[in-house]
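Undergrad: Here is how the chains run, residue by residue.
Number of protein chains: 2
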Amino acid sequence: MATAGVIIIGNEILSGKVVDLNSPYLCRELRALGVDVERIATIPDDIDVIAREVRAMSDAYDFVFTSGGVGPTHDDLTMDGVAKAFDLPIQVYDSIVERIERAQGRVANASLIKMAALPAGAALVDAGDLWFPLVVVGNVYVFPGIPELLRRKFESIRERFRGEPFALRCVYVKLLESDIAAELHALLGEFPELRLGSYPRIGEAEFRVLLTLESRDAGYLQRALDSLLARLPPVAVAKVE
Amino acid sequence: MATAGVIIIGNEILSGKVVDLNSPYLCRELRALGVDVERIATIPDDIDVIAREVRAMSDAYDFVFTSGGVGPTHDDLTMDGVAKAFDLPIQVYDSIVERIERAQGRVANASLIKMAALPAGAALVDAGDLWFPLVVVGNVYVFPGIPELLRRKFESIRERFRGEPFALRCVYVKLLESDIAAELHALLGEFPELRLGSYPRIGEAEFRVLLTLESRDAGYLQRALDSLLARLPPVAVAKVE
Chain A
1 MATAGVIIIG NEILSGKVVD LNSPYLCREL RALGVDVERI ATIPDDIDVI
51 AREVRAMSDA YDFVFTSGGV GPTHDDLTMD GVAKAFDLPI QVYDSIVERI
101 ERAQGRVANA SLIKMAALPA GAALVDAGDL WFPLVVVGNV YVFPGIPELL
151 RRKFESIRER FRGEPFALRC VYVKLLESDI AAELHALLGE FPELRLGSYP
201 RIGEAEFRVL LTLESRDAGY LQRALDSLLA RLPPVAVAKV E
Chain B
1 MATAGVIIIG NEILSGKVVD LNSPYLCREL RALGVDVERI ATIPDDIDVI
51 AREVRAMSDA YDFVFTSGGV GPTHDDLTMD GVAKAFDLPI QVYDSIVERI
101 ERAQGRVANA SLIKMAALPA GAALVDAGDL WFPLVVVGNV YVFPGIPELL
151 RRKFESIRER FRGEPFALRC VYVKLLESDI AAELHALLGE FPELRLGSYP
201 RIGEAEFRVL LTLESRDAGY LQRALDSLLA RLPPVAVAKV E
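Chains A and B supply the protein sequences, listed in that same order. Heads up: the first sequence at position 104 corresponds to 104 in the numbering used here, and the numbers run straight through without jumps. Heads up: the second sequence at position 229 corresponds to 229 in the numbering used here, and the numbers run straight through without jumps.
Mixed in with the good hints there might be a few duds.
Unchecked claim - Computed list of lysine to aspartate or glutamate pairs in DMTMM-like fashion (alpha-carbon distance at most 25 Å, straight line):
id: 1; chain 1: A; residue 1: LYS17; chain 2: B; residue 2: ASP126
id: 2; chain 1: B; residue 1: LYS17; chain 2: A; residue 2: ASP48
id: 3; chain 1: B; residue 1: LYS174; chain 2: B; residue 2: GLU206
id: 4; chain 1: A; residue 1: LYS114; chain 2: B; residue 2: ASP126
id: 5; chain 1: B; residue 1: LYS17; chain 2: A; residue 2: GLU241
id: 6; chain 1: A; residue 1: LYS84; chain 2: A; residue 2: ASP48
id: 7; chain 1: A; residue 1: LYS17; chain 2: B; residue 2: ASP94
To be verified - Over 12 Å on every C-beta distance to chain A, these chain B residues come out as not near it, computed from the model:
id: 8; residue: ARG31
id: 9; residue: ARG39
id: 10; residue: GLY68
id: 11; residue: SER95
id: 12; residue: LYS114
id: 13; residue: ALA123
id: 14; residue: PRO144
id: 15; residue: ASP179
id: 16; residue: TYR199
id: 17; residue: ARG201
id: 18; residue: GLY219
id: 19; residue: LEU225
Since the hints were derived computationally from the structure, they do not count as laboratory data. Even for Gly, the Cβ is constructed at its ideal location relative to N, Cα and C.
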């Protein structure tokens, strides 16, 4: 199964001024495609911190997705960080300068030229009708922080990440988590490959715990679900989805 | 200035089934108290991963806040991870078993007793009217993942984190970010201690970039704001807050 790490870059997230919408989006999309997100790191706009994180995740996972820190201002340091992660020089891409000048109908100023300064050897992937391409360095996909742009860019390349997705079943239980913990433990003894989640909820009228069962093998999942339902008192199950 | 790291623990976040509401809350609250959150790590329910992250953040920052993975089921591994981080044994706290039995009006079963199994030497802090205390191990504050409970526990101890908060001013600008980047750079040359954020927005009618200026020194902040406004064409400023 393919694995991924997500790096959210930006002081505005850490200081609570902006809520990160990008990591929930990427986690949902990647999960649906069959990619396992193993870590999210949210870090400041700092070249050395970015470089260390990118390098560590690039070594550890199949894919790395970064969000934020691309743009023309002083706090946009992601390209420098990615370059440093792989000891690459920064190079101004004339093809991007030309796109910028075409899109804006004027000669690029120094700030716009900064946006065309990328790690040497980066692959540029055209993303739908956006004038700025997606930048890919090795297994690192560099996305902008603006959620609308990130989503459009991700959608343009999502099929390259498609693997074998998980099948999911949900069981809503009326008992306390502490009253079913022993049964869950026994279920995992019988189905050690099952991915089983148990999430207590406060304030729901119909149930107190949401159980999630996941497997890539639909038959295995069904057998585990049947076994779980046999272990619980029928009256304790509010709903199965 | 006090620093903090936040660790969000739970497969349900990484698999996109649940959106993490706790790190935005903690970032906002800690910022308002004057604490600098330097990193958020979102990691799976895995004892070794939890132990490594807790140890690294405990060494790096003044305070560490964890969320999730406390409870009676198989995937609640945070207490084991925190214990492993500091080479502490796990010990059943009789005082918590008693609280559990009082709250539930029955003898605790094995799953409930698991909830009373904590790293030896943990400090237990009563949290408002919640029957389960807040668990503190060294500089690590162990919170539940359920947002309502996390908030009530945090509110009960928030004053112990109060330092000298930042003052914030916001400037909404009608120009493109690339048209003001040079002025922002010059502003930081004049005010190197200023924390300056620049956030382009799509789809706002009144402005295209939100600038945030922050400092602990109100006079310094006002001088930086005056300097910024003198650098921008007055017609380009939509609003100052």
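Undergrad: Now, for every hint given, state plainly whether the structure supports it.
TA: How the hints compare with the structure:
As the CA atoms of LYS17(A) and ASP126(B) are separated by approximately 30 Å, the hinted pair breaks the 25 Å bound. For the hint pairing LYS17(B) with ASP48(A), the CA-to-CA distance comes to about 32 Å; that exceeds 25 Å, so the pair is violated. The hinted pair formed by LYS174(B) and GLU206(B) meets the criterion: a straight-line CA distance of about 7 Å does not exceed 25 Å. For the hint pairing LYS114(A) with ASP126(B), the CA-to-CA distance comes to about 53 Å; that exceeds 25 Å, so the pair is violated.
About 14 Å separates the Cα atoms of LYS17(B) and GLU241(A), which keeps this hinted pair within 25 Å; it holds. Between LYS84(A) and ASP48(A), the direct Cα distance comes to roughly 8 Å. Compliance with the 25 Å bound is thereby established for this hinted pair. Distance restraint check for LYS17(A) and ASP94(B): the Cα-Cα separation of roughly 42 Å exceeds the 25 Å cut-off, and the hinted pair is therefore not satisfied. Non-interface call for ARG31(B) relative to chain A: violated, since the shortest CB-CB distance, roughly 5 Å, does not exceed 12 Å.
In this structure ARG39(B) is not separated from chain A by more than 12 Å, as the shortest Cβ-Cβ distance comes to only about 6 Å. Residue placement check: GLY68(B) does not keep its beta carbon more than 12 Å from all beta carbons of chain A (closest about 10 Å). With a least CB separation of 18 Å from chain A, SER95(B) remains clear of the 12 Å interface cut-off, as annotated. The beta carbon of LYS114(B) is not kept farther than 12 Å from every beta carbon of chain A, the shortest such distance being approximately 7 Å.
Every CB of chain A is more than 12 Å from the CB of ALA123(B) (nearest about 24 Å), matching its label as outside the interface. Not every beta carbon of chain A lies more than 12 Å from that of PRO144(B), the smallest distance being close to 9 Å; the non-interface claim is violated. Interface exclusion of ASP179(B) from chain A breaks down, the closest Cβ pair being 7 Å apart, not more than 12 Å. A Cβ of chain A approaches the Cβ of TYR199(B) within 12 Å, the least distance being about 6 Å, so the stated non-interface status is violated.
With a least beta-carbon separation of about 8 Å from chain A, ARG201(B) fails to lie farther than 12 Å from that chain, contradicting its non-interface assignment. Separation of GLY219(B) from chain A is adequate, the least Cβ-Cβ distance of about 21 Å exceeding the 12 Å criterion. With 12 Å as the threshold on Cβ separation, the claim that LEU225(B) sits away from chain A holds: the shortest Cβ distance comes to roughly 17 Å.
Against the hints set out earlier in the document, violations occur for numbers 1, 2, 4, 7, 8, 9, 10, 12, 14, 15, 16 and 17.
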